[in-house]
Amino acid sequence: MSNGTLEVKAISGHRGGTPGSGVSRDYDVCKLVDTTTCIGCKACEVACVEWNGYEFRDTTFDNTYQTMPETAWNFWNLIKFNEVENADGTVSWLMRKDQCMHCADPGCLTACPADGAIVQYTNGIVDFNQEHCIGCQYCVSGCPFNIPKFNSATKKVYKCTLCSDRVGAGLEPACIKSCPTGCLHFGSKEDMKFEAERRVKQLQANGHADAGVYDPDGVGGTHVIYVLNDAKHPEKYGDLPADPSVPFFVKMWKGPLKWLGGLGIAAGVLGVFMHRVRYGAKNVEGEENRA
Amino acid sequence: MSSGTITRAGTTAPADQIVRYTFPERAAHWINGLAYIYCMVTGLALFTPFMFWMATVLGGGGTIRFWHPWVGLVYLVTIFWMNSQWGPDMAPIPEDDQWNKNIESYIKNKDDAMPPQGRFNAGQKMFWKGMFWCTLILLVTGVILWIPEMLPHKAWAHFLLTVVVFLHSVAALITIGLFIIHVYMSVWMTPGSMKAMMDGTVSSRWARAHHRLWHEKVTGRKN
Chain R
1 MSNGTLEVKA
11 ISGHRGGTPG
21 SGVSRDYDVC
31 KLVDTTTCIG
41 CKACEVACVE
51 WNGYEFRDTT
61 FDNTYQTMPE
71 TAWNFWNLIK
81 FNEVENADGT
91 VSWLMRKDQC
101 MHCADPGCLT
111 ACPADGAIVQ
121 YTNGIVDFNQ
131 EHCIGCQYCV
141 SGCPFNIPKF
151 NSATKKVYKC
161 TLCSDRVGAG
171 LEPACIKSCP
181 TGCLHFGSKE
191 DMKFEAERRV
201 KQLQANGHAD
211 AGVYDPDGVG
221 GTHVIYVLND
231 AKHPEKYGDL
241 PADPSVPFFV
251 KMWKGPLKWL
261 GGLGIAAGVL
271 GVFMHRVRYG
281 AKNVEGEENR
291 A
Chain V
292 MSSGTITRAG
302 TTAPADQIVR
312 YTFPERAAHW
322 INGLAYIYCM
332 VTGLALFTPF
342 MFWMATVLGG
352 GGTIRFWHPW
362 VGLVYLVTIF
372 WMNSQWGPDM
382 APIPEDDQWN
392 KNIESYIKNK
402 DDAMPPQGRF
412 NAGQKMFWKG
422 MFWCTLILLV
432 TGVILWIPEM
442 LPHKAWAHFL
452 LTVVVFLHSV
462 AALITIGLFI
472 IHVYMSVWMT
482 PGSMKAMMDG
492 TVSSRWARAH
502 HRLWHEKVTG
512 RKN
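Residue numbers (our numbering), protein chains in the order written: chain R, 1 to 291; chain V, 292 to 514.
Hints are computed from structural coordinates only; laboratory data are not their basis. Errors might be hidden in some of the hints.
Unchecked claim - Below, simulated SDA-like cross-link-like pairs (lysine to any residue); rule was C-alpha separation at most 25 Å, straight line:
#1 V:420 <-> V:470
#2 V:445 <-> R:81
#3 V:445 <-> R:60
#4 R:156 <-> V:509
#5 R:258 <-> V:434
#6 R:155 <-> V:445
#7 R:258 <-> V:439
#8 V:392 <-> V:469
#9 R:282 <-> V:396
#10 R:258 <-> V:349
#11 R:282 <-> V:407
#12 V:445 <-> R:74
#13 R:156 <-> V:348
#14 R:149 <-> V:470
#15 R:251 <-> V:445
#16 R:149 <-> R:130
#17 R:282 <-> V:394
#18 V:486 <-> V:318
#19 R:177 <-> R:46
#20 R:156 <-> R:131
#21 R:258 <-> V:328
#22 R:282 <-> V:341
#23 R:282 <-> V:434
#24 V:445 <-> R:239
#25 R:155 <-> V:360
Note that the structure is a prediction, hence the values are computed from the model and not measured.
From just these sequences and the hints, can you work out the full model?
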């Protein structure tokens, strides 16, 4: 969903400049999810579906409290429930709100070949413009968090917009508004980092020595950050990657291969012209040769 | 070429013309060529933003994403069609070693240094082999890229997808290199070859100059 009030910083499949690159004041938004105070009520799941106007899709019961195994094209916000056995034999019940992380270095945008199908706003939101999406699903391969989901009927890919339509109008995202425990916070990245660190110190003082903030450097930091009571093992929270990054082959393809390929084609065309100029044609004696 | 009786390669046609490519051979080649050009142009549009305007020219990103794999199938089928017709003539012969050794002379148009060649010279066989194997890579990777939604939403599948996109691009770039040389040689470097693929015939002189062993075989002459 594009939003006209937001400045665009990066555009997928786009040559040349972007209107908002480097011109905005230093202000970016961030969602803070404090997993330690989430009670798994799923109000955020409902608020998300409601605000975005999708039908509530069928749920999958697999003997857990989780609504379905993973996010879907019309279900962008999923609480993941994880029962983890600790070293001392006790069990932790970890809940994590799974959604698009809005990476500062978005692999989806890097991989996307369609001009304008994915944009990154200067406030940090990464948004899909379905009208420009061609359905190739390269974004799926570029995402280290398994977030973009394809709809076979519309042949488009969808994901969390961080409520760019609400944020652009000065409102907080729908999930934030619905949270009853206050485990969801929304504000500038700086403020959210400050709040997260404050909470981590509190957790550490209360015996959670490994508590920390999840804001992975591999993707340049994210605009959704977590407070985890065991930041050393993010995988425990339902496939949260410890060190996510834009996949190697996506970087190779959009980096060196693109330039080498372009140069190679130009050199090839120039090369054969030079050959014609230097060595001429293979004329057969007595033949009428036109070229 | 006025006569419509071309049936088999090597048939002697009027006015000292020799049939080089039959109609089915030319049809396979040109259907393949047109399909290739479409796939190359639409593929380049998806490869680099500097070429994405080609997608717009050809009906938009969604249109080329839909047609690229289907036209790719046409390309694939006609590659196999050509292979069924030319496979035996593409087999290596002893003279090819000498040809490959003297390739620099061939490039510099010092053709007196080149050994006699069959219906296809060693360079054409190289081109064919390159196109054929790249096509197989494009097929395997292309099928996955056609319907990535069938892959499970697992880390290994997403990794596979990144590798497949990369390999598809590399194989396609190799074919573009071969394509540039192929088009140049037919249009500019070797006069008479375009006529051969369009009308189907070449002169005796041309056949003897470029493909002496083939000329001897089809005419039964040893001169």
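Verification of the supplied hints:
Distance restraint check for residue 420 of chain V and residue 470 of chain V: the Cα-Cα separation of roughly 13 Å lies within the 25 Å cut-off, and the hinted pair is therefore satisfied. Between residue 445 of chain V and residue 81 of chain R, the direct Cα distance comes to roughly 18 Å. Compliance with the 25 Å bound is thereby established for this hinted pair. Of the pairs offered as hints, the one joining residue 445 of chain V and residue 60 of chain R holds, with about 18 Å between alpha carbons and a cut-off of 25 Å not exceeded. Proposed proximity of residue 156 of chain R and residue 509 of chain V is contradicted: the alpha carbons are some 57 Å apart, above 25 Å.
The straight-line distance between the Cα atoms of residue 258 of chain R and residue 434 of chain V is roughly 22 Å, inside the 25 Å bound, and the hint therefore holds. A distance of roughly 20 Å separates the Cα atoms of residue 155 of chain R and residue 445 of chain V; the hinted pair therefore holds under the 25 Å criterion. For a cut-off of 25 Å, the pair hint linking residue 258 of chain R to residue 439 of chain V stands: about 22 Å separates their Cα positions. Distance check on the hinted pair: residue 392 of chain V and residue 469 of chain V sit about 20 Å apart at the alpha-carbon level, within 25 Å; holds.
As the CA atoms of residue 282 of chain R and residue 396 of chain V are separated by approximately 12 Å, the hinted pair is consistent with the 25 Å bound. Among the hinted pairs, residue 258 of chain R with residue 349 of chain V is consistent with the structure: their alpha-carbon atoms are about 22 Å apart, no more than 25 Å. Pair hint residue 282 of chain R plus residue 407 of chain V holds up; C-alpha atoms about 15 Å apart against a cutoff of 25 Å. At roughly 19 Å between alpha-carbon atoms, residue 445 of chain V and residue 74 of chain R fall within 25 Å of each other, so this suggested pair holds.
Among the hinted pairs, residue 156 of chain R with residue 348 of chain V is consistent with the structure: their alpha-carbon atoms are about 21 Å apart, no more than 25 Å. Of the supplied pair hints, the one linking residue 149 of chain R and residue 470 of chain V is violated, its CA atoms being roughly 37 Å apart against a limit of 25 Å. About 20 Å separates the Cα atoms of residue 251 of chain R and residue 445 of chain V, which keeps this hinted pair within 25 Å; it holds. Pair hint residue 149 of chain R plus residue 130 of chain R holds up; C-alpha atoms about 12 Å apart against a cutoff of 25 Å.
Note on residue 282 of chain R and residue 394 of chain V: the hinted pairing holds, with a Cα-Cα distance of about 14 Å set against a maximum of 25 Å. A threshold of 25 Å between alpha carbons decides the hint, and for residue 486 of chain V with residue 318 of chain V the separation of about 14 Å falls inside it, so the pair holds. Of the pairs offered as hints, the one joining residue 177 of chain R and residue 46 of chain R holds, with about 11 Å between alpha carbons and a cut-off of 25 Å not exceeded. Among the hinted pairs, residue 156 of chain R with residue 131 of chain R is consistent with the structure: their alpha-carbon atoms are about 8 Å apart, no more than 25 Å.
For the hint pairing residue 258 of chain R with residue 328 of chain V, the CA-to-CA distance comes to about 19 Å; that is within 25 Å, so the pair holds. Restraint check: the Cα-Cα separation between residue 282 of chain R and residue 341 of chain V comes to about 36 Å, which exceeds 25 Å; the hinted pair is violated. At most 25 Å may separate the alpha-carbon atoms for a hinted pair to count; residue 282 of chain R and residue 434 of chain V exceed this at roughly 41 Å. With a C-alpha separation of about 10 Å, the suggested pair residue 445 of chain V and residue 239 of chain R falls inside the 25 Å cut-off, and the hint holds.
A hinted pair counts as satisfied when its Cα atoms are at most 25 Å apart, and residue 155 of chain R with residue 360 of chain V qualifies at roughly 15 Å.
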